[in-house]
Amino acid sequence: MKGVDVLDPEQVDLADLALALEDHSDEHMWWLDAATGAVEPHFAGEFEAAEFVEEDGRRLILVEPLPPAVGYRDMEDFIACVREPRTRDLLERAIAGRGAFRRFKDALLDYPDLRTAWFAFHDARSERRAIEWLLERDLVDPDAAEEAIAQRPEPTLPDVPGLLDAEGVAHRVASDLQRVYRDRLRAVLLLGAWARGDAHPESELELLVVLDEIADRWEERRRMDKVMWRHSVRNDTVVTAVPVTEAELSRGGTPLLSRALAEGIRVE
Amino acid sequence: MNEGGALARGREEVRAAHALLEAGFPSQAVAHAFMAGFQAATAALQVIGETPATRTGVLSAFTRRVVTEGGLDHEAGRILRKLFEDRNDVDHALTDAPPEEARAAIASAERLLDATSDWMQRSGSGSVLS
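In the order they appear, the protein sequences are chains A and B.
All letters in the first sequence, in the order written, are residues 1 to 268 by this note's numbering.
All letters in the second sequence, in the order written, are residues 1 to 130 by this note's numbering.
Hints were generated in silico from the structure; no laboratory data involved.
Don't take each hint at face value.
To be verified - Calculated pairs, DMTMM-like style, for lysine to aspartate or glutamate (alpha carbon to alpha carbon, straight line, at most 25 Å):
1) A:Lys105 with B:Asp91
2) A:Lys226 with B:Glu75
3) A:Lys226 with B:Asp73
4) A:Lys105 with B:Asp114
5) A:Lys226 with B:Glu12
6) A:Lys226 with B:Asp96
7) A:Lys105 with B:Glu69
8) A:Lys105 with A:Asp212
9) A:Lys105 with A:Asp123
10) A:Lys226 with A:Glu136
11) A:Lys226 with B:Glu22
12) A:Lys105 with B:Asp96
13) A:Lys226 with B:Asp91
14) A:Lys226 with A:Asp212
15) A:Lys105 with B:Glu50
16) A:Lys105 with B:Glu100
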């Protein structure tokens, strides 16, 4: 797009852009700030319907939703990967006819492991589409887009549904935190019952997030809140994070840090 | 304790949190703000006949049954998780809670109690809340 600087794909809130590309609401429209990569909704009618608008010195680019068929294809492809015949049949019937998206999500409530796999599958695809959307509008560099897409391979489905795959979830949380913190993130450790191997289904998923430095621990947790909440909902568990610095971790001296050194499993 | 009792206990926890904050104990106020939120979640789960055995079980069941399936605003689940993390942070003694963070935690707990109370009214358990 002429007159617009190139964005780094990792600078753009891809999760929000992916959401915008699937949102067919009549009540609001989504816009991308060409300078910051932020994606924000505004009430329909607040701006004229145009490819872009200028507001308070910012250039906002309209994010029009993709056709529903794109999302429908995702469900079809996911179902084709489900190995268990009865479950696959039930999901195929759920997406037949009107109300397919709602029925599909309702059907997955009975299969927590498949539901988790669906979100991972869907996130990877929708974020890849978001990057392609940016590329089609010349908002990102082609090489950077290719690299960002390569970092989001389609996940494979679990063979045997069972207990929460805590390390897998921790890896995905760490990936999201990498996008939030970039070079500031030094390590992510899985702690607690899931790290020790004595978890029960209700055990929380405890993470220690090691950063280069911390000026305000409360502010850092606010920065992580969106990621922690998203993974808590998707995995039907409670994901928590404690930010610490490398220096604090190497010093130890508190029960938490001693536990981290003794039992922590590094996932990033 | 029934759901009305749990909600009333949640309001008491908020008053305790305010008192501790005013007395100069913001970290302890944060712990009581979480307890207020926890009681709200317990009350909502009692309405639908769920009594998880563990504290984190209450948190995840609240998100699943009351927020995702029951239609309560997602912000309520997000607040409860954050209050739990606030409380953990204070417990781990890595930091003391500044008064403004304690104040924010109490305000969040009050919003959670109000939202849960409204949800319970809509779910037909108004008689136990009066």
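- prompt: Between Lys105 (chain A) and Glu69 (chain B), does the CA-CA distance stay at or below 25 Å?
  reply: Holds, because 11 Å separates the two Cα atoms, which is no more than 25 Å.
task: Mind checking the alpha carbons of Lys105 (chain A) and Glu50 (chain B) for me, to see if they're no more than 25 Å apart?
output: 23 Å, holds
message: So if I understand the rule, the pair passes when the alpha-carbon distance is 25 Å or less; does Lys226 (chain A) with Asp96 (chain B) pass?
response: Satisfied, since the Cα-Cα distance of roughly 23 Å is no more than 25 Å.
- prompt: If you draw a straight line from the CA of Lys105 (chain A) to the CA of Asp114 (chain B), is it 25 Å or shorter?
  reply: Given that 25 Å is the threshold and the Cα spacing comes to 29 Å, the pair is violated.
query: CA of Lys105 (chain A) to CA of Asp212 (chain A), is that 25 Å or under?
result: Violated, because 40 Å separates the two Cα atoms, which is more than 25 Å.
message: Run the distance test for Lys226 (chain A) versus Glu12 (chain B): straight-line Cα separation, threshold 25 Å.
response: This hinted pair is violated, its Cα atoms lying about 29 Å apart.
task: Take a quick look at whether Lys226 (chain A) and Asp73 (chain B) sit within 25 Å of each other, Cα to Cα.
output: 15 Å, holds
field: Pair hint Lys226 (chain A) and Asp212 (chain A), alpha-carbon separation not exceeding 25 Å
entry: Holds. Lys226 (chain A) to Asp212 (chain A) sits at ~21 Å (cutoff 25 Å).
- prompt: Taking 25 Å as the top limit, are the C-alpha atoms of Lys226 (chain A) and Asp91 (chain B) close enough?
  reply: 22 Å, holds
field: Given hint Glu100 (chain B) paired with Lys105 (chain A) - CA-CA distance at most 25 Å
entry: 40 Å, violated
- prompt: Given the proposed pairing of Lys105 (chain A) with Asp123 (chain A), does the C-alpha separation stay at or below 25 Å?
  reply: 15 Å, holds
message: Can you confirm whether the C-alpha distance between Lys105 (chain A) and Asp96 (chain B) stays at or below 25 Å?
response: Measuring from Cα to Cα gives roughly 42 Å; hence the hint is violated.
The structure fails hints 1, 4, 5, 8, 10, 11, 12 and 16 (numbered hints given earlier, in ascending order).
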